[in-house]
Every structure is written in C-alpha cells, then in structure tokens.
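Model the full structure from these sequences, guided by the hints.
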Amino acid sequence: MAGILDFSPDDRCNAFITACTGAAFGDGALAGIAVAINDNISTAGIQTTCASRILEGYIPPYDAHAVELLKQEGAAIVGKTNMDEFGMGSTTGTSAFGPTRNPIDPERVPGGSSGGSAAAVAAGLVPMALGTDADGSIRCPAAFCGIVGLKPTYGRVSRYGLIAHAGSLEQIGPMARTVEDVSRLISVITRYDPRDSMMLDQPYSHRPSADVSDLKIGIPTEYFGEGVDMRIATTVRDAIDVLEGLGAETTPVSIPSVRYAPAACCVICASEVSSNLARFDGVRYGPAVDTRKPWHEAYREVRQANLGPEARLRIMLGTLTLSAGYAGKYYAKALAARQRITRDFERVFCDVDVIAGPTTPTVAFRPGEKVSPLSIAGTLTAPANLAGIPAISVPCGDVDGLPVGLQVMGRRFEDERVIDVAYAYEQEVRS
Amino acid sequence: MKTIIGLEVHVQLATATKLFCGCSTDYQDDNPNTHCCPTCLGLPGALPCLNKRAVEYGLRVAKALDMKVLEESEFARKNYFYPDLVKAYQITQDDRPLAVEGTIEIEDDQGHEKIVRITRVHLEEDPGRLVHVAGASKYSLVDYNRSGIPLLEIVTEPDMRSPQEARRFLNKLRTILEYLEVFDGDREGGLRVDANISLEGSERVEVKNISSYKGVEKALTFEVTRQRNLLRRGLAVARETRHFMEGRGITTSSRGKEEAHDYRYFPDPDLGPLRVAGWVAGIDLPELPTARRDRFMEQYGVSLNHARTLTGDLRLADFYEEIAGTDPVLAATWVADILLGELNYRTMGIAAVPPGHITELLDLLRAGTITDRAGVQVLREMLDACAEDRPCERPAAIIEREGLSRASGDEFTSLVRAVVAANPQAVEDYRNGKEGALNFLVGQVMKETRGRADPRELRRIVSESIKMGEV
Numbered sequence: 001m002a003g004i005l006d007f008s009p010d011d012r013c014n015a016f017i018t019a020c021t022g023a024a025f026g027d028g029a030l031a032g033i034a035v036a037i038n039d040n041i042s043t044a045g046i047q048t049t050c051a052s053r054i055l056e057g058y059i060p061p062y063d064a065h066a067v068e069l070l071k072q073e074g075a076a077i078v079g080k081t082n083m084d085e086f087g088m089g090s091t092t093g094t095s096a097f098g099p100t101r102n103p104i105d106p107e108r109v110p111g112g113s114s115g116g117s118a119a120a121v122a123a124g125l126v127p128m129a130l131g132t133d134a135d136g137s138i139r140c141p142a143a144f145c146g147i148v149g150l151k152p153t154y155g156r157v158s159r160y161g162l163i164a165h166a167g168s169l170e171q172i173g174p175m176a177r178t179v180e181d182v183s184r185l186i187s188v189i190t191r192y193d194p195r196d197s198m199m200l201d202q203p204y205s206h207r208p209s210a211d212v213s214d215l216k217i218g219i220p221t222e223y224f225g226e227g228v229d230m231r232i233a234t235t236v237r238d239a240i241d242v243l244e245g246l247g248a249e250t251t252p253v254s255i256p257s258v259r260y261a262p263a264a265c266c267v268i269c270a271s272e273v274s275s276n277l278a279r280f281d282g283v284r285y286g287p288a289v290d291t292r293k294p295w296h297e298a299y300r301e302v303r304q305a306n307l308g309p310e311a312r313l314r315i316m317l318g319t320l321t322l323s324a325g326y327a328g329k330y331y332a333k334a335l336a337a338r339q340r341i342t343r344d345f346e347r348v349f350c351d352v353d354v355i356a357g358p359t360t361p362t363v364a365f366r367p368g369e370k371v372s373p374l375s376i377a378g379t380l381t382a383p384a385n386l387a388g389i390p391a392i393s394v395p396c397g398d399v400d401g402l403p404v405g406l407q408v409m410g411r412r413f414e415d416e417r418v419i420d421v422a423y424a425y426e427q428e429v430r431s
Numbered sequence: 001m002k003t004i005i006g007l008e009v010h011v012q013l014a015t016a017t018k019l020f021c022g023c024s025t026d027y028q029d030d031n032p033n034t035h036c037c038p039t040c041l042g043l044p045g046a047l048p049c050l051n052k053r054a055v056e057y058g059l060r061v062a063k064a065l066d067m068k069v070l071e072e073s074e075f076a077r078k079n080y081f082y083p084d085l086v087k088a089y090q091i092t093q094d095d096r097p098l099a100v101e102g103t104i105e106i107e108d109d110q111g112h113e114k115i116v117r118i119t120r121v122h123l124e125e126d127p128g129r130l131v132h133v134a135g136a137s138k139y140s141l142v143d144y145n146r147s148g149i150p151l152l153e154i155v156t157e158p159d160m161r162s163p164q165e166a167r168r169f170l171n172k173l174r175t176i177l178e179y180l181e182v183f184d185g186d187r188e189g190g191l192r193v194d195a196n197i198s199l200e201g202s203e204r205v206e207v208k209n210i211s212s213y214k215g216v217e218k219a220l221t222f223e224v225t226r227q228r229n230l231l232r233r234g235l236a237v238a239r240e241t242r243h244f245m246e247g248r249g250i251t252t253s254s255r256g257k258e259e260a261h262d263y264r265y266f267p268d269p270d271l272g273p274l275r276v277a278g279w280v281a282g283i284d285l286p287e288l289p290t291a292r293r294d295r296f297m298e299q300y301g302v303s304l305n306h307a308r309t310l311t312g313d314l315r316l317a318d319f320y321e322e323i324a325g326t327d328p329v330l331a332a333t334w335v336a337d338i339l340l341g342e343l344n345y346r347t348m349g350i351a352a353v354p355p356g357h358i359t360e361l362l363d364l365l366r367a368g369t370i371t372d373r374a375g376v377q378v379l380r381e382m383l384d385a386c387a388e389d390r391p392c393e394r395p396a397a398i399i400e401r402e403g404l405s406r407a408s409g410d411e412f413t414s415l416v417r418a419v420v421a422a423n424p425q426a427v428e429d430y431r432n433g434k435e436g437a438l439n440f441l442v443g444q445v446m447k448e449t450r451g452r453a454d455p456r457e458l459r460r461i462v463s464e465s466i467k468m469g470e471v
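Same order as they appear, the protein sequences are chains Z and C.
Residue numbers are given in my numbering: position 396 of the first sequence equals residue 396, and the series is strictly consecutive.
Residue numbers are given in my numbering: position 304 of the second sequence equals residue 304, and the series is strictly consecutive.
None of these hints come from the bench; they were simulated from the model.
Remember, predicted model here, so these are calculated numbers, not experimental data.
Be aware that a few hints might be false.
Said to hold, decoys possible - Label pairs and their computed distance ranges (CB to CB): (1) Z:P287 <-> C:D108: 56 to 66 Å; (2) C:S24 <-> Z:R300: 48 to 58 Å; (3) C:D284 <-> Z:A29: 46 to 56 Å; (4) C:R275 <-> Z:G368: 44 to 54 Å; (5) C:N344 <-> Z:H296: 37 to 47 Å; (6) C:G272 <-> Z:Y326: 19 to 29 Å; (7) C:D108 <-> Z:Q304: 36 to 46 Å; (8) Z:Q304 <-> C:S24: 33 to 43 Å.
What the hints assert, rightly or not - Among the chain Z residues that face chain C by a calculated CB cut under 8 Å, a handful are: (9) G161; (10) T291; (11) K293.
C-beta atoms are modelled at their ideal positions from N, C-alpha and C, and glycine is treated no differently.
Laid out in structure tokens, this is it:
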C-alpha cells in the first residue's frame, strides 16, 4: 500500500522548520503514519538545520539509522520540527527560525529542546514524532504540551545521524499522544546498528502491559522538595496514588547526589558542545566561508555570524571547562559527579523497580520568564541522562489548565518497565 | 657535546579500510575526494566505528616490541581547527594509549648493539591533505581521501645519540613493520617523523613533519650543526618547533605560525573504552629481523654483516632464502655485495628480479663456466632488461650471445702468446724484476678476453710462460 501522503499542516505554533507536502510511505508496522522528525536528526534529501543558521541549506546525503528504520516500516517522514538551536535550551526559543508556541496556550513556551515535535503532536498535526533528549529535551516539552515522551536507555537507540550537541547524554526517543504509540515507535527504532559503538543489541519488542501489581515504586524526596511547584508535587503524588491503587507499592527513597545533576550536566554538555560544534566552519556545508580570507579569519566570521548566542555561550564555556588548568576543576569534577549519580541510582534500584516524580518543577511558562544557564527544566530530568537510565513523561493532570507530567525512571535497559508503568496509569485514568 | 634525539613516528597502517569507517584506503591512484563517506568527511551526525583490524595491527607491533598493552585504553579528541581536519578534532589516544614501554635494538655508531626504548604506541586517524595551488591567485584545495587512514604513532625515549642512529632506528622500525605485514613501505607519505633534538644541557627543538628516511638524517644533521654554531657563538638554543624544508636541506622556525596549543583532550564520547589486552596472547608473530639475522648466520653460515644486510628488508631476505641453494655463502656475497648495489644504482626493487635467473647465474659461477667479472656483466645485462621492461634473457643465453664463457685451453695459450709477443719491452722489464710489468701484461690479456679469464689464473700462466722462455 505504498503511496504519497499529502501533508499540509495548519502550523500555527511554528512547530515545523521544514514540512514535506508530499511524503512517500510504504508497508510495514508504521505504514502510512505521518512521523515528524526533530531537526537535529539527519534525513537524506531533506534540509536538516538543528535550528541553526550555520546549517541552513544543509541537505544530508544520508538518513539517520532511526529514520532508515522508520522508512523501512512504512512511515511517512512529513517534516522536520523546530527545536532550541542544537538542542540547547528548554523553551524552543533559541531556534534561528523563531520560537514554537505551546498549542495548549500559545502565550506559553512548549518546553524544549524538542518543542517542535511536542507541539506538532499536541496540536494533532502528526500522531507521533522523534525528539532527542540530552538533559530532558523530550520529557520537558512532552510534559509542557501534555503528551507522552520517552528518553530511552543510553545505548538503546542508534545515534548514527543524530547531530548531537552532547553525545554522551543524548538519545533519540519517541513522542506521541499515547503510551501505546510511544511503544510502537520505540519498537521500530531500537533495531541494532553497529555504526553506533555505544549501542547494545537489545531491540525493544514489547506490548505495553497495565499490570503493576508487585511493582515497587521509589519516591525520591529530592523530587518533591525545594524549587518544585507545590501544586505540581500534589498532582504527581495523586498520580502515584493511582498506581498504588493498582497494586503498586511505594517507598520513599533518597538520591542526594541529584543536586549536582544540573551543574554536572551543564559542564559535560558545554564541554562536548565546544568540540561537537567546532566542525561547523563553512568549508564543506552550510553558509559558505569567504575563501578569499585567511582561514582563521573566515572561520571566525562564519561562526560569529551563524551560531546563536546560546550556542556561542556554551562553546566558550565548554572551551574553558576543557582547558588545561581548568579541566580538572570542571570537566573532571562533572564526570565524578556523574559517576556518583549513576551509583546512587544503581543503589536505589536495588530496592525499587522504578522511581517516580514530576518531570518538571513548573508548568509551561511565558517566554522570558525563566532564564538560567542551568536550564530550570533540567533539574529533574538531567539525572536520568547522567545515569543513562530510561525515563518517560506521561500527562497526569493539570495546574491551572496547564499539563503536568509524571516522570517514571527505570533501570538501564528496562525501558519496557517504565512504559508499562506509564501505560498502567494512562489506561486507568483514561477509562 | 652529547646529541640527544627522540622520535615520534607516524606510520600508516596497511588496513584495507579506514580507521573509523568502511572507506577503502587504496586511493593513491584515484581522484581527490573519491574515498569518502559521512564519517570520514565528518558530516554532522556521522559516528566513528573502530576498525578491528587496525587494533590488531597495533597489537602486533606492541607485541613485537615487547610492550605492555593497557588493560583499558581510550580514544580521546584532540581539538584544533584546520581545514584538513573535518571534525575540528582528531580522534587519537592521549593518556591511555594502546601500549607502553617497549624496545628496539639498533647498531650504534661504533657498530655495537644498543637498545632504543619505546615510550608508547597509539592509534589515531590521519587528517585530509591540503593541496596548495600556486600562481597569481594562491589558493588551497582539500582532499579528504586520506582523512581517517589509520595511523600508529610510535614514540621513543630520547635514546639516540646521532642523526645516523636515528636513521638506523627508522630503518629497523620500518623493517619490523614490514615483517609484521602492517605497513607498506612503498606508499608515499606512509611514514612521517617528528624529531626532538637537543645538545646536552641546552633546550630541545622539535623538527616536524619529515617525510623520508633520508630527510630525518639530513634534518637532524643540519640541526646539530645549527645548534652547535649557536652555542659556539655564545647564543642560546631556543625551545621551539621547526620545519624541515626538504628541498633546501634546512630547518626553519615555525614560531608565530603555531602558538602554544591547548588541544583540550577529553575522552571521545562516541567510542567506548578499548579492552584488548586479552587479544595479545592469540597473536602469532612472524620471525622478526633480529631472529632471522641470527638464523641466517647459523643456518647458512653467512657473516654478521651479510646477515644484517639480507634481513634488513623483508623481500630481500625472502629472495635470498629462495636462491640460497647449495652455496648460501656465495649467494649471500652476490646478493648483499653485488646485486643490492646494482639495484640501488638503478633504483629498482628486488621484486623485479627473477630469482630463477639468479640461481642459474650462481650455478654458472660455481661451476666455473664464467668468471666473477663476466658474472657481473651478465647480471647488469639482466637488470637493465628488467628495469626497461624488456624480456629478461637467461644467463646462459647472454653468455652464449656475448661469448662470455671463461677462456681456457688453446684459446688462452694463444692469447697469452700474442700479448707477450706484442710487448717485448714489458717482458724484458719483468725479467729484470719489475713486478708492475706483469700486471700490465695480464691487463692486456684481460682486455682481449673481456673479463672472460680469471685474473689470478692468468697471472700465473703469463708469469710461467715468460719464465719458461716459451717465446
């Protein structure tokens, strides 16, 4: 039943950077389903910008592994969604192609960095999308826009073709309106790819189960304390009560090291950014360098003119944190914190099966309301990236009409379990 | 004043594909930018995937040099901007290299064995290549065919004491690498050297990017002279990086061009740790040059010098063993002392020489069919044919055509008689005790026979015939 999907979205939220009016599709598990792709995931023949001027006009000659798999299963790649430039931000406001608005309330941000994908799904433009998540970039916009988003275990989805800003933290993951669709999408994109050396051959083939009896849920005190909106804490607690009602057992846990997560994440991100973004020099792709000038000068000009302020800030920061004399103070310390966080999670997972808490400390805010280099949204999401564990955000009510996300984190390579927990909750409140 | 030299040698490993992608490494005769893919072009999103064979090659070298392979080594990013560097970082190894602490045995300037310590070996990717186009509007082109070619960097301790030692070290290293079948010595730019050189008590100078064996000796010899002269004039040697200008045989300061770099090394997040120490036990090493040298002396009874020369090149050693036959000492003399010189004179490789022809030549020499001198003539005839791609005649055919077989019997006697008769003055002189006159007469006969007579035998016959007063 191969064909061409006619796609002309009413994109009032500016969710798309590139929309493909006619998208080819084929047979398979996702036959004919429109899927939007975050614009930092390479798509052969379709402009891929990472929401940055420095990649404007760049058309990859190859598909990311995840995109290849989607096409193999018949999905129609209908467009490339807006994001914070290179994934750095939590508002989709640092995009070179203008901010994305939250479909729930256009005055508010959709979260980020994968805000375009979240908005496209929430606005009903597509049933599912791929986002990417290095410190919460799938889960934060999923929570703000009231949809489901999964950051898979690190090493579960091939990063080949993902234009990562922080490859050691980042994963491609599914975003959809239902847990079932998230499950469908993840089962397609986890097929093994030897080109990503950090990937393990552990494909997801699982149908969500709503059985949570005998499940032990840990409730970390750090996720309900200072900085977290009381009304969100209450809403999420209520959601966990629902799971308890379904037979799950809850127990308070403590992960004290998560307080280092935002700083550690910030330093590791910036360090990797300074290296990852160095290749954008205008020599091979993107806006062309002025070849009449000495290369040093030409590089400087092209990068100054085409990288946004957030990107430049992080490049400078990361250059410092890796520099001789500073690397020990910053980068090495951040790695030590990361190890400690990983160990703390491992310890907690000896006693509980999953950890549950809010995805974000606030609901969607207005542009300009929150500005922090440590990205406020990352405080509750970044720990999962540092520990490499799977984490899902599922809508669990609202505060003043704005969606709240319940975050469920699990052991490494137990993506199935966090999906089951989210599914159990979703099925219970939906019926 | 003691000269102190340490080397960093970059060797292109002879794998079929690049270090982190499946692109072919066999690009020498191909157009620029035809052996490239998203990974070796550093396209956004492409990832490196380590070539297992390159790791095995690295381990082969580590084992041959008796090194300690790290339980866990690590790839790191070396960050710097340059148009030939696609990702603006090179994937290399920093504080956790593949292997550390090895040795290579060389001869010092007195001909004694000495040990050069190897600090470390590590794997890294080669950058692309800039082609500078001169002319009215100067510009540079970039060829990424070389981007991602696997390099093994071999770092020595500062154990060499002269430019000649450095050259011998490189020759030995190259031989070992060829024996290990991890390196193709014929490949242009396959081996590049950075050399650190200082005179005892003064600052160290790094000479970068020397791309030939001869270049290393030349660059270092120049540096020794330059540094000595500075000190002699009461000036200090500056600690700096210099470039070798092959064409002029000098080094020039590259100060200002390269400021002190902070490469901001950090572990490459796209590649996990490398745990391959366990592979070492399973690696079967071939016989290495030193062992082969000793075996040649033992098995074939050849001299140390001949054994060194013959095993100093893998193909030469193989060639020798193929033709050693029933008289290995004769074969060694001919290959090491004569054939090699003739090959160098023609800048030919041993591969072009048909071994069967040499075996036949040796047989003819041993049987006394031709003299040594005629043998050399036959050899030259054959090599010229090979060098010019003409069909190479067999020695017997050349001897037949050129009439080179040893003069003997009546032919001999009549020749001697003729020469003695034609030179009565010399005969008279010899009779009066002038030994030199005999040499003259022998030389005259030699000339007539075009080397077909054995000079010693000839001398005896001429002398006897004069004494016997046959004339």
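Quiz prompt | Violated hints - listed by number, lowest first | solution = 2, 7, 11
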